[in-house]
Amino acid sequence: MSDASTGVSASGMAPVVMIDRGPDIHEPSIPDDWELVCGLEVHVELSTATKLFCGCANAFGAEPNTNVCPTCLGLPGSLPVINEKAVTDAMRLGRALNCTVQPAVMARKNYFYPDMPKDFQTSQYDKPTNENGWLDLPDGTRINVERAHIEEDTGKSTHVGGDGRISSAEYSLIDYNRAGVPLLEIVSRPDIRTAEEAKAYVSELRGIVLALGVSDARMEEGSMRVDANISVRPRGTDELRLRCEVKNINSISSLGRAIQHEANRHIDLYLTGDRPIQETRHWDEEAGRTRSGRSKEDAEDYRYFPEPDLVPLEPSAEELQAIDESMPQLPAAIRSELMTAAEIGVEDAGLLVDRGDAVFALEAIGAGADGSRVAVHLINNLADGVGALTPASFAELVAMETGGDLSSTQTKEVLAEMAGTGGSAKDIAAAKGFEAMDTGELDGLIDGLIADHADEWSRFCGDDEGDAKKMAGFFTGQIMKATRGQADGKVVAQLLNARKG
Amino acid sequence: MTHAQPAAFGTAHSIAAAVRSGERTAASVVDEHLARIDAAEGEVNAYNHVMAAEARAAAADLDVRIAAGEDVGPLAGVPVTLKDNMCTRGVPTTCSSKILEGWHPPYSATVVDRLAAAGAIAVGKANLDEFAMGSSTENSAFGPTRNPHNLGTVPGGSSGGSAAAVAAGFSPLSLGSDTGGSIRQPASFCGLVGVKPTYGAVSRYGLIAFGSSLDQIGPFATDVADAALSYEVIAGHDERDSTSVAQPALAVSSKLDAGVEGLRVGIISEMVGGSIEGLAPDVLARTTAAADALVAAGATVDECSIPTSIHGIAAYYMVAPAEASSNLARFDGVRYGLREDGNNTAAMNTASRTAGFGDEVKRRIMLGTYALSAGYRDAYYGKAQQVRAKMAEEFASVYERFDVLLTPTAPSTAFAFGAKADPMAMYLNDVYTIPSNLVGHPAISVPFGAGDDGMPIGVQVLAPLMGEVVMFQVAAELERAAGGAA
Ligand SMILES: [Zn+2]
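Chains as they are written, first to last, in numbering that gives the first Met the number 0: chain G, 0 to 500; chain X, 0 to 485.
Certain hints may be false.
Only pairs whose alpha carbons sit at most 35 Å apart, straight line, appear in this in silico DSBU-like list of lysine-lysine [unchecked claim]:
(1) G:K126 x X:K254
(2) X:K361 x G:K126
(3) G:K499 x G:K469
(4) X:K97 x G:K108
(5) G:K126 x X:K382
(6) X:K382 x G:K108
Here chain G is said to cover these stretches of chain X; the calculated rule only asks that three of the stretch's residues, wherever they fall, bring their Cβ under 8 Å from a Cβ of chain G [unchecked claim]:
(7) 103 to 115
(8) 192 to 206
One side only, chain G facing chain X, incomplete, derived with CB under 8 Å [stated by the list, open to error]:
(9) P113
(10) G287
(11) R288
(12) D300
(13) D308
Don't read these hints as lab results, they were simulated from the structure. Don't be surprised by glycine CBs; every beta carbon is placed ideally from N, CA and C.
This is chain G alone, in the form it adopts within the complex (with noise of 0.2 Å):
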């Protein structure tokens, strides 16, 4: 079981780095002795330039009810056609998911409410258009994928007066523009142990859903959502117990926190003799805390049948040919090139793929650039992004750096300006008066030095090993100080050993 606070995962590998991981997790870690069992069901909108059964705008922020016609308003005698691209979309994400795709039947899930036009949702219910995958977590864990399937997106809702619940609601306002957007809604199995796994399986699919170009995914727009089915069980045993679906998580950071904290009410429940039932909760995210939503009782039967007014999606050999034929890199396999060109652990090559960086930290090496050097810079240099950097200037300025025409704060200080205002590093390392310091001048330098400060080196040059390396830091200051820090570390190290004799 993986202690979630400090990061290390179950398997005991390095710790996945994430972007928009947020602060750390509050919540305690759940006790030893239990284990989470966790499933995700992941929501995509598709940024296809229609909606998924008419020709409306799929935009986000238009004027309410603008982006709307018959058929996704549901007006009696409107019927739906498929948007092919959707289709293509969902098929690209289930072979990058590595399921089986299959011809496919859109189905009709039954419920009422206000913002879904038809009272029923247009989706897929037995013969989904993708089942039976995996996605491989950057530490190697491997999460199972149950479906992943088309659907259509409801209105939106805002309810005025009482709770902000309709049931209380004294009106409300429905914005029929994301009706019929298309979705894409992934299930993984219940395979999640641990909050991290969790959120390294979001990062993952939303990596791969921003690699494919089939979704923005941003969780804070809604374009990415994410449910969590939550159950623990005492460690050691393969028991499934009652699950809460947790809703209304808004980013990565907050699905560790929800998932930590449903575990830990669900533990706390056992421990005092009761249990918790099978309901719908969701995660308040000021509050920290998931508040029950929809009990079982009312749990809905949806009446599932085969939309008839759709025919069944039936992928020719050519379509799938055509789509494993385009299928772009995907962040795994851009990892592992990175870690090899660059030299770098699985969580730094993680971080500048999360980053979008990796196809230009590539590109920079490609040109010629070292790639440790290219990592670094990237890591912790250019964390604000690369600006107006390209990968052949990047290049430009790694060579410099390592040719010794400049030292890395020189090399650090020409990198930044060039990610702010471009231009190549020769001109602005020119024009900063940064020349390559001969090792004929810096020699004169130390020799100077040896004469006034006889008795620091000696130190520097006696046995005592933590002794010596203060005085190596002594040296390398003054040299600095004399440059005005333009002298390369390593050179001065490599001429201040040479001394040592």
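Using the hints provided, position chain X with the ligand relative to the given structure of chain G.
The following block gives chain X with the ligand in isolation, referenced to the frame of chain G:
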């Protein structure tokens, strides 16, 4: 008392020819029909809404275009009646239900657009059993339609208004929709030709759905040639309907004079034998006479068997209500139509639906909800779909030996109001028509004489998928034979 005056001012063919040649104006044709409606509509009650102003405006526009030398289409100036479950832009569309009170669709059905593009002029929205659920038009929220041949009897249903309008001479053509016989049975009761095309041959876009996998729009006409002409206008691929067959309309007028020499006609033994209750002797006699007429014209007639056909009604009353329960969910008081207030949204939904839907609609919503519910879906909806698949296999094997099949259209002639108050008795009316809907095949009802009560009797010709050409060919022969017999 009779108001039957089919083709009171000529058939669609004759009107279109006269209007196209300038012999008659569209305006005068429309005025004649509107006057006829004024005279008899009070007793027939064919319409929920007469589109007098719209029709006159459309006629005037058409006359201007004709005067300018434009070809305005094969139905130039022909008045048509539309079943009131087809959307008409800006014109009330009610499905004969209170739940759609006040709704004006912002768009028109594909068939409505195609008729207009062919020069036809819509004169009114016809009464129906609420949401097309019924076989007598007694289930309308706006009162029953009467059979023009005998005002004491029903016109059939659910497209009773569309049938009565043509039988009464209000328009020479009308459109109905047929989910389980809703065009063919009223055609039989009202002495008209009624066509249920192949599923997918005519676009359903803009048809307010009842049972989506069964619904099909088709024409009523006073003769086979008019029915064929209107079929050719409304059929053909529509990209707005995903179930639309991807080919142009079949040229069904092409073989109307070809005769039936050498054609193989099957009689489904289950449909003329003792296994179906309530087949009236006069209807059976006319069906036999029709078979004889086809033999006389050179066809061969033999019995064949579709064992599942007797299970058609049972399967239909699972599938159609199941689909309806979902299709009608959107009528919830939220966006359009009737809204009855409630303390919260769910209460408002319930109040609106309680007040807006009639008994038969409620009955079928409940039946369909049950058929799809967890634990029952496989036994009811699932089993019914298996029956459909089996029935399709049986038809396919029969069509290896036959070109068309012949059956009665309905078990009896038009019955009196209130005669089928028991829903099961009413459902049995569709026993001959339902199989075609379940398997998606085309079928046509053609008048073939009268019953002992003097009321019209139709016989039904069934054909395989997209077999409309031979179906119309046989129907035309029956029409000639019936005319010769009369
Ligand atoms: Zn739309």
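| said: For a quick check of understanding: which of the numbered hints are violated here, in increasing order? | reply: Violated hints: 1, 10 and 11; rest satisfied.
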